[in-house]
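All chains should be modelled from the sequences, with the hints used to inform the complete structure.
Residue numbers (our numbering), protein chains in the order written: chain Z, 222 to 693; chain P, 222 to 693.
Hints in this document: simulated from the structure, not taken from any laboratory.
Be aware that a few hints might be false.
Identical copies go unnamed one by one, so any copy, or any two together, can satisfy a pair.
Claimed, not checked - Calculated lysine to aspartate or glutamate pairs in the EDC-like style (CA-CA distance at most 16 angstroms, straight line):
hint: 1; residue 1: K256; residue 2: D316
hint: 2; residue 1: K639; residue 2: E273
hint: 3; residue 1: K498; residue 2: E570
hint: 4; residue 1: K442; residue 2: D546
hint: 5; residue 1: K442; residue 2: D512
hint: 6; residue 1: K256; residue 2: D682
hint: 7; residue 1: K442; residue 2: E414
If you want the building blocks of each chain, they are given just below.
There are 2 protein chains.
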Amino acid sequence: MFTACGVRRVFRTSFKNSRFSRKLFGMTVNFQAPKGTRDFYPSDMAVRRFIEDIWRKVSIRHGFQEVDGPTFESLDLYRVKSGDEIVSQLFAFTDRGERELALRPEFTPTLARMVAQKAAGLPRPIKWFSIPRCYRAEQPQKGRLREFIQWNVDFIGDASDRADRECIAVCVDALMECGLTAADIHIGWNHRELLTQALTSTFVAPDRVSNAYYILDRLQKYDFAARKALYQEQHCTPGECEHFETIASAGTSPEVLTTWMNSWPVAVTDAIKTFEKRLADSGLAEICRFDLSVVRGLAYYTGFVFEVVDAQGQNRAIAGGGRYDKLIEMFGGPAMPAVGFGMGDVVLEILLRERNRLPANLMPPADVFVINALEDATISDQLVARLRRSQWNADHSAITRPGLNVQTSYRSTRNIGKLLQEASGCGARVALILAPEEVSRGMIKLKNLTDRTEAEIAIADVPDRVHGMLKP
Amino acid sequence: MFTACGVRRVFRTSFKNSRFSRKLFGMTVNFQAPKGTRDFYPSDMAVRRFIEDIWRKVSIRHGFQEVDGPTFESLDLYRVKSGDEIVSQLFAFTDRGERELALRPEFTPTLARMVAQKAAGLPRPIKWFSIPRCYRAEQPQKGRLREFIQWNVDFIGDASDRADRECIAVCVDALMECGLTAADIHIGWNHRELLTQALTSTFVAPDRVSNAYYILDRLQKYDFAARKALYQEQHCTPGECEHFETIASAGTSPEVLTTWMNSWPVAVTDAIKTFEKRLADSGLAEICRFDLSVVRGLAYYTGFVFEVVDAQGQNRAIAGGGRYDKLIEMFGGPAMPAVGFGMGDVVLEILLRERNRLPANLMPPADVFVINALEDATISDQLVARLRRSQWNADHSAITRPGLNVQTSYRSTRNIGKLLQEASGCGARVALILAPEEVSRGMIKLKNLTDRTEAEIAIADVPDRVHGMLKP
Chain Z
222 MFTACGVRRV FRTSFKNSRF SRKLFGMTVN FQAPKGTRDF YPSDMAVRRF IEDIWRKVSI
282 RHGFQEVDGP TFESLDLYRV KSGDEIVSQL FAFTDRGERE LALRPEFTPT LARMVAQKAA
342 GLPRPIKWFS IPRCYRAEQP QKGRLREFIQ WNVDFIGDAS DRADRECIAV CVDALMECGL
402 TAADIHIGWN HRELLTQALT STFVAPDRVS NAYYILDRLQ KYDFAARKAL YQEQHCTPGE
462 CEHFETIASA GTSPEVLTTW MNSWPVAVTD AIKTFEKRLA DSGLAEICRF DLSVVRGLAY
522 YTGFVFEVVD AQGQNRAIAG GGRYDKLIEM FGGPAMPAVG FGMGDVVLEI LLRERNRLPA
582 NLMPPADVFV INALEDATIS DQLVARLRRS QWNADHSAIT RPGLNVQTSY RSTRNIGKLL
642 QEASGCGARV ALILAPEEVS RGMIKLKNLT DRTEAEIAIA DVPDRVHGML KP
Chain P
222 MFTACGVRRV FRTSFKNSRF SRKLFGMTVN FQAPKGTRDF YPSDMAVRRF IEDIWRKVSI
282 RHGFQEVDGP TFESLDLYRV KSGDEIVSQL FAFTDRGERE LALRPEFTPT LARMVAQKAA
342 GLPRPIKWFS IPRCYRAEQP QKGRLREFIQ WNVDFIGDAS DRADRECIAV CVDALMECGL
402 TAADIHIGWN HRELLTQALT STFVAPDRVS NAYYILDRLQ KYDFAARKAL YQEQHCTPGE
462 CEHFETIASA GTSPEVLTTW MNSWPVAVTD AIKTFEKRLA DSGLAEICRF DLSVVRGLAY
522 YTGFVFEVVD AQGQNRAIAG GGRYDKLIEM FGGPAMPAVG FGMGDVVLEI LLRERNRLPA
582 NLMPPADVFV INALEDATIS DQLVARLRRS QWNADHSAIT RPGLNVQTSY RSTRNIGKLL
642 QEASGCGARV ALILAPEEVS RGMIKLKNLT DRTEAEIAIA DVPDRVHGML KP
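Structure representation (structure tokens):
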């Protein structure tokens, strides 16, 4: 009934005569990228590389090591963490062995599985990052695609706020490296355990905590009418409604909120102050603020949570994460405290474009441009091939001269002026000009495109001279 | 009948009581990576980065630009190129809109679609590379996994052998850059158009050419008995059998083969000699040889074809490609000549490991290691955070001092000797030692781990001094 790859034959046959299948069997169709996915042409890919390279570089200098897992996992893996309701948001399929699989909607389950599987053998703490492509079968909209790239950073095996702060630091450093400033983004943080203590010691009954979280998550986004409906839906008592309205008014009357917060247990406010002090020590005070409305939807967060938002754009979320001390255990590993966050490429790219922060030219510049003004291409082809290739020592154990980025023209013109323009266009620092008169004497013209100086050198000397000129 | 994500509800329910589904609903399962896929722990990822970075770097210096497409495409896209039989080798699924999709088994259909879609606006020639993950629903075996990474290089819009040679050159350069030598690999090349002329002008009837290709593809791999069965299966005439046996004997009696090749049309042998000469001009003569048995299975190749094989390992294929001048048209684009090849990561990694060509330490070394011998971590944390972060100029338009790779210990020990060992272990060039006596005077010990010299400097001077020491 099911074919090897999990597509029902009956299904394919039954659609044979529909509009979809006419498209299918005609051969002159204009195919498009599937809905919610992207084609990356060179200029798109350059932006993706710019972002991914910064994520990678910054992760590494903060001491995180790169990992990755399969693009698809057992469907079970997602059910364990998120329950059956997750299934409708996944791209799921079966393999030949009728195993249920799904394209990863996020990396955390894979991470938890990988840590659980090798927990005993891994040096602690585990500081990992990954840059997986992830997939969600949801309606595409601005900032949300069906296929996206997500930077994941996780610090596992350290229960202290040092790990929390390192996560914030690497996140902020990467955003700054992309060209954003403290005026572009801010980070709201909260602490679910402390917040629970504060809520239960003031106005929320212990069995109403999850309702309170649900409400806090929405309070800032809803107007009065929507909040009223929300309180009703969550069966709030009049006392609860009053308190939530106080919290909702924080934007216009912060003093009312302060009064409420002053009634919190001293241990809670002290813990918050200590964390604020430590953020300041790490140089993060300016960008971070304690924010009651940041509770994060996912149930697995156990303590500290944070969200990076666009400071100018209706609180659009750029990244988010928090502490998930129970998750590794849930996947069969030992009890291990953990904290981490994720950042998608789609919203970040939109933000960088809106703020005009992408560098003007993201294409890697050429080192050398070879201009051939001869009838025949043999010498030119040889030179290009030779300069591009790395030179090795005799036993091929080390590169003695790395290959260069060498470009040349594929146009038929032999007009040196036009070809020099092409050379400048691809950012070359050196042009090598093969012209009949010089070549007849075994010579070539070498032009330094930075200072516009020229020299005539023997063709055989080209590699030495060019490498000498390009040395930093 | 179909749920949003394309998994039939009936299917899930019917398996509820099987062994598989018991696994599904229990919570203490040890999850594994799906069959035929890989987990990339840091040391595995370092190898993948080593390979991918070389592919990328070498592609760019040969003038190719990076592109990518969606991980999945319309199932039709693969049917157009490869017919219905491809479907059983794909991971296919449907989305909410009941569109049939499949994980990409290769990149070429995406490439052809992308070129066809924007053909008018793209500067020619198109020199593109990509490093996609690809997926095949086949039985995993050594060197063949269900999920792999494939380097694709394509040169589109140039019908000349210059494009063919550029493809071979970038392929060879990347393999050399990985540490392989001309003794490790060789490249067999052929030309389907020339071969067809040679075959039809000697012993193959025009309507028997595809049978001849089928046989040539297998000749070197089969023993006498298998060849006999092959001739029978392909309904060979006695004359054909005799000729194929001559070709099969090339390894032991090349002179018989030479006699046959001497009877080829002069235009064909001349074209082969010309191409050989041009390969020599590009410095590729040593590694390349004309090889009749290289015909490449895929029907879309139209001319030049080549295969990179392990010179010591039973002709294990490392890469392969050729000219496909009709493919862009097939996807609705204009007529555009094209040549390209693919190289997978799985076989390459096996080869590099077997030949012991992977560098000993692939982890990026640290710049600085901060040793904290104080009770409190505040100063240490500040220093680490500060050095990791890039410093910008006043208007945040340029980085004035790039962030450094700064590591520190998460162990509780304050034993400086042990911590210095940890510093050396991560390749740090500078150690900064925070000890009570020095810090009480606002000073810190700076140790150059390369020449083992030490200096005492003011904590405030650390960034300047460290950056000065690390300058290349």
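### Unsatisfied constraints (hint numbers, rising)
Hints 2, 3, 4, 6, 7 are the ones this structure does not satisfy, whereas the remaining hints hold.
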